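Below, each chain spelled out in residue letters.
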Amino acid sequence: MPEGSSTAATAARRGVSGHAAAGRDASAAAAPAREVLFREAALEASAPGVSGSEARHDELLRVRNLSCGYGRRRVLEGLDFSLWSGFFCGLLGPNGSGKSTLINNLCRVYEPLGGSIELAGRDIRGYDRAALARQVAVVPQDTHVSFPFSVREVVAMGRNPHLRGLFSKGYKEDDPVVDRVLEELGIAHLAPAVITRISGGERQLVLLARALVQEPRLLLLDEPTSNLDIRHAVRILRLVEERVRTGGLAVLAIFHDLNLASVFADYLFMLKDGGIACQGETREVIRREVLREVFGTELLVYTPDELGWPQVAVPPAGFC
Amino acid sequence: MGASRTTLYFLVLGVFLLLMVVVAAGMGAANLPLGDVARVLLEGLPGVPTAGGGIPASTRMIVLDVRLPRIAVAMLVGAALGMSGAVFQGLLLNPLADPFTIGVSAGAAFGATLAIMLQGFGFLAVMPFLGHPAVLPVFAFGGAVLSLVFVYIIARDHGNIMPESLILAGVIVASFLSALISFLKSIAGETLSAIVFWIMGSLSGRMWHHAAILLPYVFVCGLIMQAGARHLNLIAMGDATALQLGVDVQRVRRRLLVAGSLLTAAAVSISGVIGFVGLVVPHINRLIIGPNHRVLIPASALLGGGILVLADTLARTVAGATEIPVGVVTALLGAPFFCYIFKRRFHSGRGGDGA
Chain A
3 MPEGSSTAAT
13 AARRGVSGHA
23 AAGRDASAAA
33 APAREVLFRE
43 AALEASAPGV
53 SGSEARHDEL
63 LRVRNLSCGY
73 GRRRVLEGLD
83 FSLWSGFFCG
93 LLGPNGSGKS
103 TLINNLCRVY
113 EPLGGSIELA
123 GRDIRGYDRA
133 ALARQVAVVP
143 QDTHVSFPFS
153 VREVVAMGRN
163 PHLRGLFSKG
173 YKEDDPVVDR
183 VLEELGIAHL
193 APAVITRISG
203 GERQLVLLAR
213 ALVQEPRLLL
223 LDEPTSNLDI
233 RHAVRILRLV
243 EERVRTGGLA
253 VLAIFHDLNL
263 ASVFADYLFM
273 LKDGGIACQG
283 ETREVIRREV
293 LREVFGTELL
303 VYTPDELGWP
313 QVAVPPAGFC
Chain B
2 MGASRTTLYF
12 LVLGVFLLLM
22 VVVAAGMGAA
32 NLPLGDVARV
42 LLEGLPGVPT
52 AGGGIPASTR
62 MIVLDVRLPR
72 IAVAMLVGAA
82 LGMSGAVFQG
92 LLLNPLADPF
102 TIGVSAGAAF
112 GATLAIMLQG
122 FGFLAVMPFL
132 GHPAVLPVFA
142 FGGAVLSLVF
152 VYIIARDHGN
162 IMPESLILAG
172 VIVASFLSAL
182 ISFLKSIAGE
192 TLSAIVFWIM
202 GSLSGRMWHH
212 AAILLPYVFV
222 CGLIMQAGAR
232 HLNLIAMGDA
242 TALQLGVDVQ
252 RVRRRLLVAG
262 SLLTAAAVSI
272 SGVIGFVGLV
282 VPHINRLIIG
292 PNHRVLIPAS
302 ALLGGGILVL
312 ADTLARTVAG
322 ATEIPVGVVT
332 ALLGAPFFCY
342 IFKRRFHSGR
352 GGDGA
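Going down the list, the protein sequences come from chains A and B. The first sequence begins at 3 in the working numbering and counts up one residue at a time. The second sequence begins at 2 in the working numbering and counts up one residue at a time.
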C-alpha cells in the first residue's frame, strides 16, 4: 500500500508540475495552478478503485481570514489557505514576516486575533489540548532545555496526548511507538543519552521523533534545519517527506534555504508584509520575479534538466 | 533511568531516613544507647512485644515525648521543603529556584515579626488571645499567603502567569517585605532576639500538635504535586513545548503553584525560615535518578526529611547545651555542598544522567 500511494503522489506532483509550467505565461498568479493541483489530487483520491483509506488528499486544515499577532501588534492579517493530507507545503519569507507566528497560531500556542482555523472541519478552539496534540505536532527550532532528561524520556513525552489518568506512568519505558520511531529515525542508540549533551543535529532528530510519536495528521516544522549541516538537513527532510508520500501526513515547514524548499515542497506560501504575497505549486513560486518582489534581492533561477525543478543561485555583484 | 536503579535509590533513601530517626532519638543532652532507642521506637508497632524491663522509664519518656515529636516535625518540614523545591525548580524552569524564590519566606517572616512584636509590646493586656501559642504560626502562615497573593497579582498578565514574571514579582515583594521587617526590627527593643531567632529557623520545643498541623498539608499538597508530575515534566521543557504536547499549561501551573506555596507556607509557619534544603535536595536527587518529576518529588520528600532530621540533630548537639538555629546548620552544610555539585556538574561535563 505505501508503495502504490507513493507512486501516485509523485505522479500527481510531476504531472501537475508540467501542467502548471504550460500555463505559466497565462497567469502570473499561482492560484490557478493550485486549483489544478488540488482538483487532480481530489479526483485521484475519489477515483473508482481507490479505497477510502487511501483517499489521502483531503483538505485537513482550512484557514479563513486569519489575523495573528501579539497584544495590539498585528503581524499577519487576512490569511486564507488550506493544507492537505499527503502534501508537503513550504513556508517562505523574509525575517520577521510572521512565519513562526503563523506556526504558533496553527498549533494554538498563541490564540489568533481574528478569523478561523478549522482542522478536519472543526474549529481548533473546539478541541481540548490533548485532542489537538493527537492531530497536530510541531518540530520546533532547537530550544534550550534546562533539565537533563534522557533522549528516550524526551521522545516519550510525545506520547503525553495519548495518555489518560493523573497518576498514570508518564510514559512507558517500553512504549512500542517510541521504540519504533527511534528505530526508524536511526537514533535508537541515543536513547539513554542526555538531551543536553548531544549535538545539534542529533537533538533536532530527537525533536522530530518526539513529534512523530504523537502520531499526528499534520506536522508543523519551525525552521527545523536552520542550524544543521546539509547532511542532517537532508536527512531530516527526507524522513519527513517519506511520511508525506507513504503515510498521508500533511506538512507545513518553514524554510530559509530556497533550494531545499524547491526540492522537498510540493506547494509554497510566501509571506511578506503581513500577508501571503504568493502561493502556489513550487515552480510557480520559485521564480525570479517572485523572489525579487518578496526578498528584495536579485537571484538567478534555473532548472537543471536532471532535476526537473528550479534551483536558486546568488549572482555575483554586477552580474544582472 | 532504569527502574531497578530508581527502586534501589528509594530503598537507600528509606533506610537513611529510618537511620536518622533512630540516631536523632538517641542523641542529645542525655545520650541513649541506640539499641534501647530502637526497641522503644518499635514498641508501638503491632506485633512487636513490649520491651518491658531493662529500659529505664526516662529513656521511654525522652524518646517518645521529647525527641520523637521534634523529629516528626523535622521530617515533615524537610519533606515539604524538598517536594516544594523540586516543583518550583520545574515550574520556574530554573534549577536555582527554591521554595522561597517567589517570596514565601519574606511573607512568613513579616507575619511572624508582627506577631512577636504585638506580643512583646503589651498588646496582651488589650487582646489576651495574642498570647496563644498558635498566634505566631497563624500570623506567619497569613503573611506567607498574603505575600503570595501579591506576587500572583503582580505576575499576572492577561490571566496568564509566566515563570520570569513570577520570579521578578517575588523579588519585588520580598525586598519590600524585607524593608518592613528591618523597620520593625529597628523599633523592636527587647523582642529583637526573638525575631532574629525565629527568622533563622528552629525546631526547638516543637510538639506533636505541630506535626499534626503539618501532616495534612504534606499529604494533600504532596498528592496534588504527584498528580501533576507528568505534566510538570513537559512544562519543564518550556511552555510552547508543553502546549504543543497537549498540556493545559496555565491550569497545571496554577494548581502546582498553589500546592507548592501552601505547603511551603505551612512548613515555614511551623519552623521559621530554613534555607538550602529546598534548593539542594532536588539537585542531589536529579544527579542520581534524573529529572523525571514522578520520581523526583517523592525522592525529594524522603531525602528532605532525612536531611532535616540530621541537621536538627546537629543543631541541638554540636554546641553542647546551646542550641544553634537549624537554618544556620542547613546553610553551613548546604552552601559548600551546592558549590561541590556545581563544580562537579560543570567540570565533569555530565549533568544529571547519573550514568
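Hints in this document: simulated from the structure, not taken from any laboratory. Bear in mind that the values here come from a model prediction, so they are computed numbers and not experimental data. For glycine and all other residues, C-beta sits at the position ideal for the given N, C-alpha and C. Where hints are given, some of them may not hold.
[To be verified] What the simulated footprint calls covered on chain B by chain A, stretch by stretch (three residues with Cβ under 8 Å from a Cβ of chain A suffice, anywhere in the stretch; the number is not a length):
hint: 1; segment: 180 to 188
hint: 2; segment: 316 to 329
[What the hints assert, rightly or not] Computed from the model, here is a short list of chain B residues facing chain A with C-beta under 10 Å:
hint: 3; residue: Val24
hint: 4; residue: Arg61
hint: 5; residue: Gln90
hint: 6; residue: Pro96
hint: 7; residue: His210
hint: 8; residue: Arg255
[As the list claims (entries may be wrong)] Calculated Cβ distances over 10 Å to all of chain A for the following chain B residues:
hint: 9; residue: Leu94
hint: 10; residue: Phe122
hint: 11; residue: His232
| request: Please flag the earlier hints that this structure goes against, numbers listed from lowest up. | output: Of the numbered hints given earlier, those the structure breaks are 1, 2, 3, 4, 7, 8, 9, 11, listed in rising order.
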